[in-house]
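Put chains Y, E and C on the given structure of chain P with help from the hints.
Listed below, chain by chain, are the residues.
4 protein chains.
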Amino acid sequence: MPMLETHPGHIGLDRGKLAETIDALTACAQTCTACADACLSEESVAELTKCIRTDLDCADVCTATARVLSRHTSYDANITRSVLETCALVCRSCADECEGHATMHEHCRICAEACRRCERACRDLLADLT
Amino acid sequence: MPMLETHPGHIGLDRGKLAETIDALTACAQTCTACADACLSEESVAELTKCIRTDLDCADVCTATARVLSRHTSYDANITRSVLETCALVCRSCADECEGHATMHEHCRICAEACRRCERACRDLLADLT
Amino acid sequence: MPMLETHPGHIGLDRGKLAETIDALTACAQTCTACADACLSEESVAELTKCIRTDLDCADVCTATARVLSRHTSYDANITRSVLETCALVCRSCADECEGHATMHEHCRICAEACRRCERACRDLLADLT
Amino acid sequence: MPMLETHPGHIGLDRGKLAETIDALTACAQTCTACADACLSEESVAELTKCIRTDLDCADVCTATARVLSRHTSYDANITRSVLETCALVCRSCADECEGHATMHEHCRICAEACRRCERACRDLLADLT
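Residue numbers (the numbering used here), protein chains in the order written: chain P, 1 to 130; chain Y, 1001 to 1130; chain E, 2001 to 2130; chain C, 3001 to 3130.
For reference, chain P alone in the conformation it holds in the complex:
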């Protein structure tokens, strides 16, 4: 992301991995919001309530994580680590749930992939932190 190159302060993380993670978080938040609504419009919505719930949680946590990672003023590695760990956990949970509906619903298949990619990006960034 070109924005990262323009920040006047020090960025305490690998810029390439950081850009990739923010990108994955933004895509995941968007995909989960869309998947929750697609589930809501399925005739079988009553079987998809857990999926909708994990989608909504995942969208909220990814949005907050992307915002925290976009700030570098007075960087605090402990906060970044904790936020990333929680986000990776929520993404894995949502990926697991969506995967269970992937053969029935294409939106769940795409969403599971977005969650897996986001979990991986969070863990890659975490590996640099510890």
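Check each hint, because a few of them may be wrong.
Heads up, simulated DSS-like pairs for lysine-lysine below, C-alpha to C-alpha not over 27 Å straight-line [said to hold, decoys possible]: (1) Y:1050 x C:3017; (2) P:17 x C:3017; (3) E:2017 x Y:1050; (4) E:2050 x P:50; (5) P:50 x C:3050; (6) Y:1017 x E:2017.
No lab work stands behind these hints, which were simulated from the structure alone.
Leaving out everything else, chains Y, E and C in the frame of chain P:
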């Protein structure tokens, strides 16, 4: 966006324009969050407080707008119209403010462009609604 | 709200009405999030999908509106007006929808009230602006 | 909160503590958003950039946490625990930072208190989980 193709319900908007708008909204929200923090790290932060404020507003309004536009269950054109009009106004205001700092701060130049692109996308989608 | 008394800048709105509106917005966002999840746990969830959708929209728009109204640095009445008008519209739509389920579901009855109170607060504040 | 009494499903947490925590989270998110903007309007804004950054992070994390805690459909204790731990950490960090400016800025004093109360509420709820 492939997610739009998987929605089981009726989508009351042009899918190509809708995908482009959601994309522009997500990018604008992300860029404004990053620009606010870059401004906060500038030595001249005291001259950038209006820019930070409009960035934060724009990020919040674009995030909410992207979420509303990602839902198609029980679509209501009046709500979509009102949300898009407000978002276009906030984007224009943020673009105007960032443009004033564009020659000094590269992050403001990039952010002004993201806001202009987002305002245009919102207005293009609005043109289809009315 | 005591926070409003501590702001070092000029506040371009009636402080009492502003505090009441921010309070109503925060309560409405919270109640709509809870109502969406309560609907999701109802056996009759298939009949509540429109309610869930309007709840989610209302929560997102109220959250963004509360944030914009909490900022007074470089106040812009045109943005405040547009944000409040959109929020009032979304609250009314959600109140109407929830009211239709109020006799069946207590969470919808409470949520309709929170939306009505929030719509009223937004319109009261708007009346001062124009 | 009366909404908690109306949920049709099982709520896997002490309802009194849960209501108190959601209340503290909502108040903290709101106070941090207002404190960030009050700092932005201070003449000494250049000395408050770390405070603004932690305020913005805290507002985002508290907002996401309140939303996750407002959902009880398919409750997952591991996610609740992780989200609460991250939120308690972010609240403590913001309280520490705001406390350093409490004698100079009343908004920082009030915000530090809201963050402390929120951290305590998160930890009280966590104690029930483990």
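Right, here's what the structure says about each hint:
1. Y:1050 x C:3017: At roughly 40 Å apart (the allowed maximum being 27 Å), residue 3017 (chain C) and residue 1050 (chain Y) break the hint.
2. P:17 x C:3017: Between residue 17 (chain P) and residue 3017 (chain C) the Cα gap is close to 39 Å, so the pair fails against 27 Å, i.e. violated.
3. E:2017 x Y:1050: holds (24 Å)
4. E:2050 x P:50: holds (18 Å)
5. P:50 x C:3050: With a Cα-Cα distance of about 39 Å, the restraint between residue 50 (chain P) and residue 3050 (chain C) is violated, given a limit of 27 Å.
6. Y:1017 x E:2017: violated (39 Å)
Checked against the numbered hints above, the structure violates hints 1, 2, 5 and 6; every other hint is satisfied.
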